[in-house]
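Colleague: These protein sequence lines map, in sequence, to chains A, B and C. Take the first sequence: its letters are residues 1 to 308, numbered as in the UniProt record's numbering. Take the second sequence: its letters are residues 1 to 304, numbered as in the UniProt record's numbering. Take the third sequence: its letters are residues 1 to 273, numbered as in the UniProt record's numbering.
Derived by calculation from the structure, the hints in this document are not laboratory data. Positions of the beta carbon are idealized from the N, C-alpha and C atoms, including for glycine. Among the hints, a few may not be true.
Stated by the list, open to error - What the simulated footprint calls covered on chain C by chain A, stretch by stretch (three residues with Cβ under 8 Å from a Cβ of chain A suffice, anywhere in the stretch; the number is not a length):
| # | stretch |
| --- | --- |
| 1 | 63–74 |
| 2 | 87–98 |
| 3 | 117–124 |
| 4 | 155–167 |
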Amino acid sequence: MMGAEFVALSLPPILIGTLAAIACALPGNFLLLRRQALIGDAISHVVLPGIVLAFLVTGTVAAWPMMLGAGAAALVAVLMIETIRRLGRIEPGAAMGVVFTTMFAAGVLLLEQSDTSGVHLDVQHALYGNLESLIWLEATGWDSLWDVQALAALPPELPRIALTLLVVAVVMLLSWRPLVLSTFDEGFARTLGLPVRAIGVGLVSLAALAAVAAFDAVGSIIVIAMFICPPAAARLMTDRLGTQIWWSLGFATLSAVLGYVLAGYGPLWLGGTHALSAAGMIASVSGVILLLAALFGPCRAPAGQRPG
Amino acid sequence: MLTDALLLQLGYNATLVTLGAALLGAAAGVTGVFLVLGKRALVSDAVSHATLPGIGLAFIAMVMAGGDGRALPGLLLGAAAAAGLGLLCVSWLTRRTRLGEDAAIGAVLSVFFGAGVVLLTVIQTMSAGRQAGLETFLLGSTAGMLRSDALVIALAGALVLALVLALRRPMTLAAFDPDFAVARGLNVRRIDLAAMGLAMAITVIGLKIVGLILIVALLIIPPVAARFWSDRVDHVLALSGLLGGISGYGGAALSATAPGLPTGPLIVLLSFALFALSLLAAPRRGVLATLLRRRRAVAPGAGR
Amino acid sequence: MKHDSTRPEAVRPAIPATAGDAPSVPLAISGLTVSYGDMPAVNDVSVAFRSGAMTAIIGPNGAGKSTLLKSALGIVTPLSGQVTCWGRPLARQRHRIAYVPQRAAIDWEFPARALDVVLMGMYRELGLLRRVRASHLARAMSCLARVGMEDFADRQIGRLSGGQQQRVFLARALAQGADLYMLDEPFAGVDAATERAIIAVLKEIVAEGGTVIAVHHDLATVPGYFDRVFLMNVHAIAEGPVATAFSRENLDLAYGGRLAQDPVGAAGARDAY
Numbered sequence: 001m002m003g004a005e006f007v008a009l010s011l012p013p014i015l016i017g018t019l020a021a022i023a024c025a026l027p028g029n030f031l032l033l034r035r036q037a038l039i040g041d042a043i044s045h046v047v048l049p050g051i052v053l054a055f056l057v058t059g060t061v062a063a064w065p066m067m068l069g070a071g072a073a074a075l076v077a078v079l080m081i082e083t084i085r086r087l088g089r090i091e092p093g094a095a096m097g098v099v100f101t102t103m104f105a106a107g108v109l110l111l112e113q114s115d116t117s118g119v120h121l122d123v124q125h126a127l128y129g130n131l132e133s134l135i136w137l138e139a140t141g142w143d144s145l146w147d148v149q150a151l152a153a154l155p156p157e158l159p160r161i162a163l164t165l166l167v168v169a170v171v172m173l174l175s176w177r178p179l180v181l182s183t184f185d186e187g188f189a190r191t192l193g194l195p196v197r198a199i200g201v202g203l204v205s206l207a208a209l210a211a212v213a214a215f216d217a218v219g220s221i222i223v224i225a226m227f228i229c230p231p232a233a234a235r236l237m238t239d240r241l242g243t244q245i246w247w248s249l250g251f252a253t254l255s256a257v258l259g260y261v262l263a264g265y266g267p268l269w270l271g272g273t274h275a276l277s278a279a280g281m282i283a284s285v286s287g288v289i290l291l292l293a294a295l296f297g298p299c300r301a302p303a304g305q306r307p308g
Numbered sequence: 001m002l003t004d005a006l007l008l009q010l011g012y013n014a015t016l017v018t019l020g021a022a023l024l025g026a027a028a029g030v031t032g033v034f035l036v037l038g039k040r041a042l043v044s045d046a047v048s049h050a051t052l053p054g055i056g057l058a059f060i061a062m063v064m065a066g067g068d069g070r071a072l073p074g075l076l077l078g079a080a081a082a083a084g085l086g087l088l089c090v091s092w093l094t095r096r097t098r099l100g101e102d103a104a105i106g107a108v109l110s111v112f113f114g115a116g117v118v119l120l121t122v123i124q125t126m127s128a129g130r131q132a133g134l135e136t137f138l139l140g141s142t143a144g145m146l147r148s149d150a151l152v153i154a155l156a157g158a159l160v161l162a163l164v165l166a167l168r169r170p171m172t173l174a175a176f177d178p179d180f181a182v183a184r185g186l187n188v189r190r191i192d193l194a195a196m197g198l199a200m201a202i203t204v205i206g207l208k209i210v211g212l213i214l215i216v217a218l219l220i221i222p223p224v225a226a227r228f229w230s231d232r233v234d235h236v237l238a239l240s241g242l243l244g245g246i247s248g249y250g251g252a253a254l255s256a257t258a259p260g261l262p263t264g265p266l267i268v269l270l271s272f273a274l275f276a277l278s279l280l281a282a283p284r285r286g287v288l289a290t291l292l293r294r295r296r297a298v299a300p301g302a303g304r
Numbered sequence: 001m002k003h004d005s006t007r008p009e010a011v012r013p014a015i016p017a018t019a020g021d022a023p024s025v026p027l028a029i030s031g032l033t034v035s036y037g038d039m040p041a042v043n044d045v046s047v048a049f050r051s052g053a054m055t056a057i058i059g060p061n062g063a064g065k066s067t068l069l070k071s072a073l074g075i076v077t078p079l080s081g082q083v084t085c086w087g088r089p090l091a092r093q094r095h096r097i098a099y100v101p102q103r104a105a106i107d108w109e110f111p112a113r114a115l116d117v118v119l120m121g122m123y124r125e126l127g128l129l130r131r132v133r134a135s136h137l138a139r140a141m142s143c144l145a146r147v148g149m150e151d152f153a154d155r156q157i158g159r160l161s162g163g164q165q166q167r168v169f170l171a172r173a174l175a176q177g178a179d180l181y182m183l184d185e186p187f188a189g190v191d192a193a194t195e196r197a198i199i200a201v202l203k204e205i206v207a208e209g210g211t212v213i214a215v216h217h218d219l220a221t222v223p224g225y226f227d228r229v230f231l232m233n234v235h236a237i238a239e240g241p242v243a244t245a246f247s248r249e250n251l252d253l254a255y256g257g258r259l260a261q262d263p264v265g266a267a268g269a270r271d272a273y
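With the sequences and hints as input, model every part of the structure.
Modeller: Here it is, written out as C-alpha cells:
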C-alpha cells in the first residue's frame, strides 16, 4: 500500500484533502465562535452559479476564471444577505436561507439551460468534488518527491490549495489578537478603536477564499463539514482558544486522511471492488469525531452546567 | 404552451404534479411561518439534508428484501426516519453540549449528507443500483414521474396542509409567546415537535419535486415575504400559504413546458421573485414605503 | 451656546456645556442625539463630566443612559453631536479610556480564562504580534488581585458567578491603565461582596486621580457611592455634586414624579445610621 502506486494515486488526494480541510477548519473556529457557522454552508451553495457563469463567459472549465466567478458569487451572496437582513429587518438565518437557496436554484437552472455536455461540470461534481481523480501519474515512487520534473506534473489543485492555506494561515496569525478581541467582545473592541466591521467582513472573505479554493479541489460537502465539525469537536475538548485551534487542525487532518483511506481501501479490505466517495467518507469521519467529542469531550457540557 | 400548462392542459400526470406542487407549496408556506417566527428556519435545512442516507438505506433494504428499490413510499419512509434522527441530533447537540444551534445544524447537515453520498456510491456498486437514479432526490425531478407517485405527493401535500391549518392556533401561540402558551396550559414542547414534524413531512414529500437541497426554500422564502405585508399572524399565515402555493403551481407548470427547466429551481426562483416584490413594494414595511416615510420625516424636522 | 427649548428651563445653569473644550474635562458631550429607528433614545444632550470625580448617570428605564455611554465611546453611532475627551476627539484619546459593559453582550461559553480576558485589556501595548511576557502576566494577575479574583485566573469565564464575571471585566479595565473609567450598571445583578469589591476599586481609582462615570440604577446608594450625579431622561436634566443636583426637584424632572418614596430622604436616613 505504501509503494509507488500509493505515491501516484493516493498521496496527492490525501494531501489536497488535508490541506483543504485545514484551510476550512482554521477560519471555521472563529465562524463557530461568532455563531456564523452556517456562512460556510451558504458560501458553498452559492459558489455553483459563480462557476457556471464563469464557464458561460469563458467557455472553458479553467480553474482561475471559475475561482474568480465563485469568489464573486460568494461576495454577492454576502452582500445580499446583509442587504436583505437590514432592509427587511429579518433574522440572519432566514435571510441566509433566502439567498443561498435562490442562488443555488439559479445556478442549477443556468447549468441545465447551457450546453455542458462536453465538459465535466454538473451539480454532483460541485457537491462531491472529484478528489479521487487528482492523481500524479508521473510519480514512480517516493523518490519522485525530489524529482523536479515529476513535481511539475503534480495536480495543479495541490499548489493552489497549499497557497490558499498559506494565505489563510498568515492572515489569521497576523490578525489574531484583533480577531479574538472582536469575536469575544465586540463592544470592547470598538472602544479600543478596532475596525470591528472590517474584521468581520475580512473573516468572512477569508472563509470564502478557503471555501472557493477547497471547493475547486474537493467539492462542497467537505467544505461545509470541515468549516464546522473539526472546530465544533475541538470546542468540546478545551477551554483555551489556542488549544482549540490545534485540536481542530488535528481533527481536520484525521478526518481527511482516515476518510480517504477508508473510502479508497475500506471496501477492498471487506472484499469489495469499488472505492466509495472520498468526500462523503471524510465528512462522515468528521461527524464520528464530533459524536465522540460530544459524548466524551472533557469540556462538552455548557459552562454553567459544569462543577466549578 | 405556458397557458396550457397554467390551465392544467398538459395531461393527467402533469396536472397531478402541478396540483401536488401547489398543495406542497401552500403547506410549506404555512408551516414555515412557525419556523421563521421561532427563528428556527435553518433547522429544516439540516433535516432535509439528513434524508439522503435514509433514502440510500431504504433502497438497499428494499433490494435486499427482493423488492424494487425505487418504490417511492419505501424511500420516503426511509427519508422520514433519517430526517427524524437528524432532528434529534440537532436538538441533542444543542441541549447537551455547549455548541450553538447553528453549529449543530451545520454538523448534522454535512455529516448526514456525506454519509448519504457514501451510501450512493455503495448503491452504484450493487447490481440493482445501476439505474437507481437516487440522485434525482438531490434536485427533484418531475420528468417521467409515475402516476402513483404523483398521486402520493398530491394526497400527502393535501393532508399536511389540512394538519397545519388544524394546528395553527396552538402553533401560533407557542411560536409567538412560549411563556404565555405555557401559562395557558399548552404543552409547548409537544407543539414545537408538531411544527418540526410537519416541516419534516413537507421535506419528505417535497423530495421528489423540489429535491433535498432546495426544499428549505419553500419553508423560508414565502413566510419571510408574507411578513412584509402584515403584522397579524393570521394574515401572514394565509398570505404565506398563498405565495407558497403560487410558487409551487407556477414553477411546476412552467417546468412542464420545456425540457431542461428543472421544477425545484423554478419554484424557488418564482418564490424569490415574490419575495423581492414584497421587499420592495409592501406598504409600511417595504423598502419603498420606508424610503418615502423617511423622506417625509426628515424634510420638516431638518431645520435645526 | 444655544439650545432648543425642549429642555426644562429651570435646570439650564446646572449644565456647564461651555466647559466642554477644556483639556481638563475627561469627557464632554455636546448636542448628542442618538436614535434607534424613529424614536430618539438620546436627544440633544450636552454635559461635561468632572475630572477626578465619581459621577453616576441616573434616570428611569429607557432614559438612554447606556446609549449615552455607548455613543460617547463610539460603539453606537450618533445622529449628531460631538464628543471630546480632554479637549480632543475621542479617536485620539481612546487609550486613556476603559469601558466595562453591562454583562449581557458576551458569549459566556467562549474559550477564554479570566486571565485571558484581563490580558485583552493590554491590547494597546501588545499590539498585533508582541509576545506576552512575564511582566504582562504579573500585571494582569495584580489587576485580578485588586478585584479579589486572583484565585480564579485559570477558570473559564462561563464557570464564574455573575459577580465574579463582573469583577473580571473590571480587572480588564484596570489592565488598560486608563484615566477615565466608564461603567454600564456595574452593580446590576451582582452579589453584595462583589458590589463592595467594585466600589472599593472605583474609589481607589478616583483617589489616584482617575475619573469614574457609571450608569447607576439604585438611587438609594447614590449619596454613599458617588461624588456627582448626571440626571437624564432622553434629555439632559442636571449635572452637579450629589449634595445639590441629587434633589427631589431634579429627580421629579427625570422620573416624571413617578418615584414612590423619596430616595433623597431615604438615603439621608440611611446615612444617619
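Colleague: Can you give the numbers of the hints that this structure goes against, from lowest to highest?
Modeller: Failing hints: none at all.
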